[in-house]
Amino acid sequence: DQQVKQNSPSLSVQEGRISILNCDYTNSMFDYFLWYKKYPAEGPTFLISISSIKDKNEDGRFTVFLNKSAKHLSLHIVPSQPGDSAVYFCAARRLQGAQKLVFGQGTRLTINP
Amino acid sequence: DAGVIQSPRHEVTEMGQEVTLRCKPISGHNSLFWYRQTMMRGLELLIYFNNNVPIDDSGMPEDRFSAKMPNASFSTLKIQPSEPRDSAVYFCASQPGPSNQPQHFGDGTRLSIL
Chain A
1 DQQVKQNSPS LSVQEGRISI LNCDYTNSMF DYFLWYKKYP AEGPTFLISI
51 SSIKDKNEDG RFTVFLNKSA KHLSLHIVPS QPGDSAVYFC AARRLQGAQK
101 LVFGQGTRLT INP
Chain B
1 DAGVIQSPRH EVTEMGQEVT LRCKPISGHN SLFWYRQTMM RGLELLIYFN
51 NNVPIDDSGM PEDRFSAKMP NASFSTLKIQ PSEPRDSAVY FCASQPGPSN
101 QPQHFGDGTR LSIL
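Order-wise, the sequence lines are chains A and B.
With this note's numbering applied, the first sequence corresponds to residues 1 to 113, in that order.
With this note's numbering applied, the second sequence corresponds to residues 1 to 114, in that order.
Source of the hints: derived by calculation from the structure; they are not laboratory data.
None of the hints are false.
In silico SDA-like cross-links for lysine to any residue, where the CA-CA straight-line distance does not exceed 20 Å:
#1 K5/A with G59/B
#2 K100/A with G59/B
#3 K68/B with N30/B
#4 K24/B with E42/A
Restraint-style ranges between C-beta atoms, simulated for each label pair:
#5 Q101/B with S8/A: 23 to 33 Å
#6 E14/B with P113/A: 43 to 53 Å
#7 Q101/B with P40/A: 23 to 33 Å
#8 S52/A with R85/B: 33 to 43 Å
#9 K68/B with P113/A: 44 to 54 Å
Even for Gly, the Cβ is constructed at its ideal location relative to N, Cα and C.
Make the full structure from the sequences, and use the hints.
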């Protein structure tokens with residue numbers, strides 16, 4: 001039972017354009033969502049998060065949007081840069097109680113010069 | 001600031017041997033998590049500790065796996081006996097107290113069981 005899904009295993013975007021990564025979840029108890037970025041041979045690095053009381057959170061070139069009714073979130077990167085090429089993981093958990101993070105399968109983003 | 005430190009970075013051993021993975025969390029973080037990453041199952045939580053106490057070990061595959069946190073600055077994940085299907089990358093992560101803070105990951109241990 002995959003509670004967090006990233007349906008696109010890979011995405012290729014031109015440098016300077018917008019990258020949009022998508023994530024769906026099934027557990028309505030999740031109220032805290034995170035995006036992590038991972039380079040080869042390194043651990044995941046925290047990028048940005050959003051709690052369910054918001055529908056948007058922005059940090060520089062990165063914006064996360066949350067649609068609670070659709071149980072969907074997305075990460076927008078504008079403008080995309082070559083250094084953004086990595087695997088991006090969506091994760092979700094409950095803010096109260098168990099701190100167990102559930103991860104999606106990841107999307108490999110490639111930024112083409 | 002030092003991040004989460006894991007050792008060894010790579011481990012290659014033969015089936016049946018005992019394997020011990022080590023983790024030093026970020027100082028001041030009071031939650032520690034062990035994850036395993038495989039191609040088939042992605043990143044999955046094995047066990048986590050709050051204030052050195054195991055809270056949820058439901059992700060531990062079987063009795064061959066055990067984890068300890070004897071103090072706030074050290075944790076181990078042990079596999080005994082190891083099997084080829086245990087080959088994976090094992091990550092440790094730590095998190096500060098407030099629940100709206102993210103987990104910070106180490107660079108992982110790549111384990112190969114021959």
